[in-house]
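> Protein chains in written order, with this note's numbering: chain A, 1 to 739; chain B, 1 to 160; chain C, 1 to 81.
Think of the hints as simulated: they come from the structure by calculation, not from any bench. C-beta: ideal position from N, C-alpha, C; glycine also. Hints may be right or wrong, so weigh each one.
[As the list claims (entries may be wrong)] Across the chosen pairs, the derived CB separations fall in these ranges:
1) C:Glu43 x A:Arg12: 48 to 54 Å
2) A:Glu174 x C:Glu43: 28 to 34 Å
3) B:Asn34 x A:Asp545: 54 to 60 Å
4) A:Leu668 x B:Thr82: 34 to 40 Å
5) B:Gly56 x A:Asp659: 53 to 59 Å
6) C:Gly18 x B:Glu125: 54 to 60 Å
7) A:Leu668 x B:Glu125: 22 to 28 Å
8) A:Arg186 x B:Thr44: 37 to 43 Å
9) B:Asn119 x A:Pro566: 36 to 42 Å
The lines below spell out each chain.
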Amino acid sequence: MSKQDFKILGTRPIRPDGLDKVTGKAMFGADKSVTGMLHARILRSPHAHAEIVSIDTSKAKALPGVKAVITGADFDELKNRWTGYTSQNCMAQDRALYDGHAVAAVAAISKSIAAAALKLIEVEYNLLPHVTDVDEAMKPGAPVLHVGVKARKLGDEVSGNTVGYYSFGHGDLETGFAEADEVIERSFKTAATHQGYIEPHACLADLGSDGRGELWCSTQGHYNVRLICAEILDIEESQLRVTASEIGGGFGGKTTVFIEPVALMLSRKSGKPVKAVMTRDEVFRASGPTMSSSMDIKIGMSKDGRITAAQAKLRYQGGAFPYQMVMMGAMSAFAAYDLDHVQSEGWDVMTNRPKMISYRAPGAPMAVYAVEAVVDELCQKLELDPIDTRLKNAAREGTKSSYGPTFKAIGLVEALEAAKAHPHYSAPLAENTGRGVSCGFWFNFGGQVSVSMAINADGTVNLIEGNPDIGGSRASISMMAAEALGIPLDRIRTIVGDTASVGFSDVTDGSRVTFAVGIATINAANAAIKEMCKRAAMIWEIDEDAVEWVDGAAQPTGHNAGEFPPMSLAEIAAVSGKTGGPIAGHHEGAPDKAGVSFGVHLVDVEVDPETGFTAVKRYTAFQDVGKAIHPAYVEGQIQGGAVQGIGWALNEEYIYGEDGRLQNPGFLDYRIPVASDLPMIDPVIIEVPNPGHPFGVRGCGETAIVPPLAAVSNGVSRAIGKRMFELPMSPPKILKAIG
Amino acid sequence: MSKIHVSTYVNGDAVEFLCEPGETLLDVLRDRLNLTGAKEGCGTGDCGACSVMLDGRLVASCLVLGAEVEGSAVETVEGIATDDALHPVQKKLLEHAALQCGICTPGIVVAAKALLEKNADPSEEEVRYWLAGNLCRCTGYDKIIRAVLDAAAEMRGVSA
Amino acid sequence: MARVVIFGSLRAFTGGVGEVEIEAKNTRVLLQKLSEQFEGLRETIAAGVSLAIDGEVFKEAWFTPIDEDSEVVVMPLMVGG
Ligand code: FES
Ligand code: FES
Chain A
1 MSKQDFKILG
11 TRPIRPDGLD
21 KVTGKAMFGA
31 DKSVTGMLHA
41 RILRSPHAHA
51 EIVSIDTSKA
61 KALPGVKAVI
71 TGADFDELKN
81 RWTGYTSQNC
91 MAQDRALYDG
101 HAVAAVAAIS
111 KSIAAAALKL
121 IEVEYNLLPH
131 VTDVDEAMKP
141 GAPVLHVGVK
151 ARKLGDEVSG
161 NTVGYYSFGH
171 GDLETGFAEA
181 DEVIERSFKT
191 AATHQGYIEP
201 HACLADLGSD
211 GRGELWCSTQ
221 GHYNVRLICA
231 EILDIEESQL
241 RVTASEIGGG
251 FGGKTTVFIE
261 PVALMLSRKS
271 GKPVKAVMTR
281 DEVFRASGPT
291 MSSSMDIKIG
301 MSKDGRITAA
311 QAKLRYQGGA
321 FPYQMVMMGA
331 MSAFAAYDLD
341 HVQSEGWDVM
351 TNRPKMISYR
361 APGAPMAVYA
371 VEAVVDELCQ
381 KLELDPIDTR
391 LKNAAREGTK
401 SSYGPTFKAI
411 GLVEALEAAK
421 AHPHYSAPLA
431 ENTGRGVSCG
441 FWFNFGGQVS
451 VSMAINADGT
461 VNLIEGNPDI
471 GGSRASISMM
481 AAEALGIPLD
491 RIRTIVGDTA
501 SVGFSDVTDG
511 SRVTFAVGIA
521 TINAANAAIK
531 EMCKRAAMIW
541 EIDEDAVEWV
551 DGAAQPTGHN
561 AGEFPPMSLA
571 EIAAVSGKTG
581 GPIAGHHEGA
591 PDKAGVSFGV
601 HLVDVEVDPE
611 TGFTAVKRYT
621 AFQDVGKAIH
631 PAYVEGQIQG
641 GAVQGIGWAL
651 NEEYIYGEDG
661 RLQNPGFLDY
671 RIPVASDLPM
681 IDPVIIEVPN
691 PGHPFGVRGC
701 GETAIVPPLA
711 AVSNGVSRAI
721 GKRMFELPMS
731 PPKILKAIG
Chain B
1 MSKIHVSTYV
11 NGDAVEFLCE
21 PGETLLDVLR
31 DRLNLTGAKE
41 GCGTGDCGAC
51 SVMLDGRLVA
61 SCLVLGAEVE
71 GSAVETVEGI
81 ATDDALHPVQ
91 KKLLEHAALQ
101 CGICTPGIVV
111 AAKALLEKNA
121 DPSEEEVRYW
131 LAGNLCRCTG
141 YDKIIRAVLD
151 AAAEMRGVSA
Chain C
1 MARVVIFGSL
11 RAFTGGVGEV
21 EIEAKNTRVL
31 LQKLSEQFEG
41 LRETIAAGVS
51 LAIDGEVFKE
61 AWFTPIDEDS
71 EVVVMPLMVG
81 G
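Put together the whole structure using the sequences plus the hints.
In structure tokens form, the structure reads like this:
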């Protein structure tokens with residue numbers, strides 16, 4: 001697809017929700033209150049694994065001001081196995097499966113009474129053996145979290161915690177390794193990390209005895225919340241209206257429910273609205289962090305830098321319920337390379353930890369980290385340039401990917417070439433400093449989407465979409481609508497509708513919103529344009545087909561069609577009441593072809609040999625985004641993803657004690673990067689248009705978290721002259737490696 | 001539980017409220033005075049989302065008791081824009097697209113304004129250290145730092 | 001006839017068969033025929049799979065047309081973040 005000329009796309013207007021957000025007016029999950037509302041608190045298991053022998057709530061119920069107390073007994077068993085797990089994750093049934101697992105909840109007239117009531121609930125536990133490490137959990141004989149869910153076709157060599165097995169690849173490894181001049185085989189470990197959104201989960205629920213409900217919550221997908229909650233509470237979807245609040249970060253972590261069913265149940269029981277807000281401690285212990293991993297990578301390379309064979313074995317730990325995610329790691333591990341002989345295998349494993357949920361490019365960062373670390377070690381060993389070597393093996397249009405499909409137009413080569421030519425790559429390095437390079441990849445998705453657009457009589461446009469705006473998507477969607485309609489941006493107001501105002505939309509995930517909602521918006525605009533052309537044709541008394549839409553106005557297709565001055569959108573809208581009524585356009589669909597995206601990151605890190613502390617000195621991130629609608633927000637996605645990856649590489653980790661309890665459930669001990677830890681993050685946008693989108697857009701939100709893990713690790717390894725095989729590379733680990 | 005009566009000034013207005021002895025200033029602002037601009041990201045002083053000014057000092061309002069502010073002057077994010085004119089920090093955050101989700105923004109606005117009142121010409125490093133107590137998970141800080149430096153320049157009357 | 005590649009671990013359910021030719025005008029028909037041909041795949045297909053048709057990944061859109069000479073890769077269902 002050739003590059004197109006745009007009027008609005010590619011500019012940097014101020015976002016429509018910006019004013020509310022800098023003045024404190026924007027309403028996030030915890031910001032809404034109603035009169036007569038109760039406050040919820042949740043009692044959580046202090047044990048990693050325990051049978052719940054009994055729960056005595058009588059004292060809590062008797063406390064003045066307490067209006068409802070619930071336990072697992074209030075939740076029915078569900079037919080759908082997956083929703084059943086979600087329900088049990090929100091409230092334990094007969095067993096507490098991890099430290100932080102909810103076992104009871106109260107609603108009271110004040111926060112302090114709710115807190116006091118929690119202390120009056122008496123739970124008798126019978127402790128069971130637990131396991132929190134992935135390799136331990138996979139061993140035969142490990143305590144098994146749920147029986148009967150082991151992946152089909154797996155034998156006795158792995159425990160019943162192994163709920164998924166996947167393999168991908170082609171060619172013949174033995175042949176490939178035989179062709180190599182150098183083969184390196186390494187094992188890696190990465191810790192579980194948390195999305196770290198600054199806004200804790202929060203909701204306000206009101207469910208009447210007539211089965212009608214209202215739910216306000218911070219979520220990446222309110223239709224999904226409705227679907228799950230309606231099933232758990234056994235009410236009809238149409239009767240539960242879910243409104244998405246402004247969302248204070250999600251990164252995948254707000255794609256499911258945790259407290260929403262609990263708040264609805266408390267509301268049903270008390271007959272009053274109930275507000276539930278997680279504390280930060282609860283967010284760490286009982287929301288959905290990402291997987292930890294244990295991985296073996298083997299790669300063979302010829303002297304001139306050609307990868308002859310590559311193999312990955314990935315074991316992911318995903319918490320206390322069955323899940324599927326290692327597959328994404330196995331698919332992305334070698335996606336950057338054009339390989340003849342490649343195989344990746346992955347195992348999903350349950351442990352006594354909170355159930356994982358997506359975190360930005362879920363499953364990919366750790367797999368790519370391990371692969372890119374071995375590629376880098378091979379480059380060092382064979383004295384090859386890391387970018388040249390990657391270029392030599394890079395996937396390009398026509399490459400049969402390691403996970404199956406053959407790539408269409410992709411921008412990896414462009415990103416690598418841009419990195420090579422960038423002054424960063426040739427800048428001299430100071431003492432104790434190393435430069436790391438890594439590629440990264442993410443699939444990007446389309447999915448179901450609904451958009452509804454109304455043309456107002458004054459020539460302005462209202463647009464309703466069903467995807468929560470997590471990083472400025474109302475701005476980019478308004479821009480696409482303005483571009484498609486040919487009108488100024490300020491004529492458009494886009495809002496995120498509740499579940500009763502616009503059709504179903506999938507969760508805001510998979511980097512899909514700008515892509516999928518964008519396509520729906522363009523289609524909705526085209527539907528409105530068609531109607532406007534029709535109205536103009538009626539006014540001019542010419543054939544509908546003889547009218548076209550150019551620069552925001554209807555005009556006759558040529559002299560033969562008739563001589564009429566163009567009628568603008570505003571002119572057509574002004575008389576719409578007389579030409580057939582309101583003009584609108586809408587589109588419901590499930591666009592695919594989101595277009596995969598590649599990135600290349602370059603980082604300079606300085607390691608203090610005395611303390612083992614790593615300082616990031618310079619960072620440049622190159623990414624193919626297809627077409628940047630609002631470049632400032634695209635840059636922001638790249639910068640934010642890179643910094644989350646830096647945190648993952650250097651500091652962040654879930655630390656479990658022998659007792660299976662999480663030891664660092666707070667921002668003090670789970671340290672995410674702060675402003676003083678970082679340099680500027682220099683984003684370089686590369687635009688290789690996605691043939692699957694009218695404007696060439698690819699998803700862009702996730703790819704950026706994939707390369708930093710290996711880029712930082714490769715930098716550190718080069719700086720200290722020792723290879724690192726574990727994340728995070730906290731100072732003690734680095735000191736140990738230096739020796 | 002008997003409540004404590006407190007008289008104080010919030011954004012220049014005299015206000016009175018009743019609060020429980022253990023209630024934080026953040027809870028009072030949000031739950032009793034309907035000022036939900038300050039956010040609770042952690043409740044333990046680690047994230048800065050609850051930043052407000054207390055008698056001219058930048059504080060984490062989750063670490064201050066409501067009962068402590070008797071006779072004080074509290075300034076919150078809601079009081080920063082005047083007569084429809086945004087403060088330069090607010091304006092520059094918008095211009096630089098320095099917010100994604102925006103949950104950290106109120107705290108950043110309050111903290112950055114406090115910095116520029118103390119130091120009209122901070123270096124990048126000074127801005128980074130001053131804002132080290134304000135966590136932002138979305139932006140990687142880059143655009144926030146640039147916005148604050150740019151706001152400082154505008155307030156000094158030079159164009160950055 | 002479209003060339004259908006059964007990918008990776010899904011082959012455990014086809015008795016090791018990695019490639020078949022199937023006459024199908026769209027993905028719905030293709031998945032029906034696959035389920036009939038490989039009983040072991042039925043459960044997986046019912047739970048959801050992703051398809052790559054000539055390099056483009058689709059999340060089960062039933063009526064996506066498949067050309068005579070298309071390459072269709074059947075993969076486990078993919079999820080995003
Ligand atoms: S809520 Fe006060 S510092 Fe986090
Ligand atoms: S913009 Fe989301 S936390 Fe800062």
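> A range of 34 to 40 Å was offered for this pair. Does it hold for the Cβ distance of leucine 668 (chain A) and threonine 82 (chain B)?
holds, 36 Å
> For the pair leucine 668 (chain A) and glutamate 125 (chain B), does the Cβ-Cβ distance stay inside 22 to 28 Å?
holds, 23 Å
> Regarding asparagine 34 (chain B) and aspartate 545 (chain A), is the given constraint of 54 to 60 Å on their beta-carbon distance met?
With a Cβ separation near 57 Å, asparagine 34 (chain B) and aspartate 545 (chain A) satisfy 54 to 60 Å, so the hint holds.
> Cβ-Cβ distance between glycine 18 (chain C) and glutamate 125 (chain B): within 54 to 60 Å?
Since the Cβ atoms of glycine 18 (chain C) and glutamate 125 (chain B) sit about 58 Å apart, the hinted range of 54 to 60 Å holds.
> Does the beta carbon distance between asparagine 119 (chain B) and proline 566 (chain A) stay inside 36 to 42 Å, or does it fall outside?
Distance hint for asparagine 119 (chain B), proline 566 (chain A) is violated at roughly 56 Å.
> Holds or violated: 48 to 54 Å for the Cβ distance of glutamate 43 (chain C) and arginine 12 (chain A)?
About 49 Å separates the Cβ atoms of glutamate 43 (chain C) and arginine 12 (chain A), which means 48 to 54 Å holds.
> How does the Cβ-Cβ distance of arginine 186 (chain A) and threonine 44 (chain B) compare with 37 to 43 Å: does it lie in that range?
Because 39 Å falls inside the window, the suggested range holds.
> Is 28 to 34 Å respected by the C-beta to C-beta distance linking glutamate 174 (chain A) and glutamate 43 (chain C)?
holds, 33 Å
> In this structure, is the beta-carbon distance linking glycine 56 (chain B) and aspartate 659 (chain A) contained in 53 to 59 Å?
violated, 46 Å
In the structure shown, a violation is registered for the earlier hints numbered 5, 9, in ascending order.
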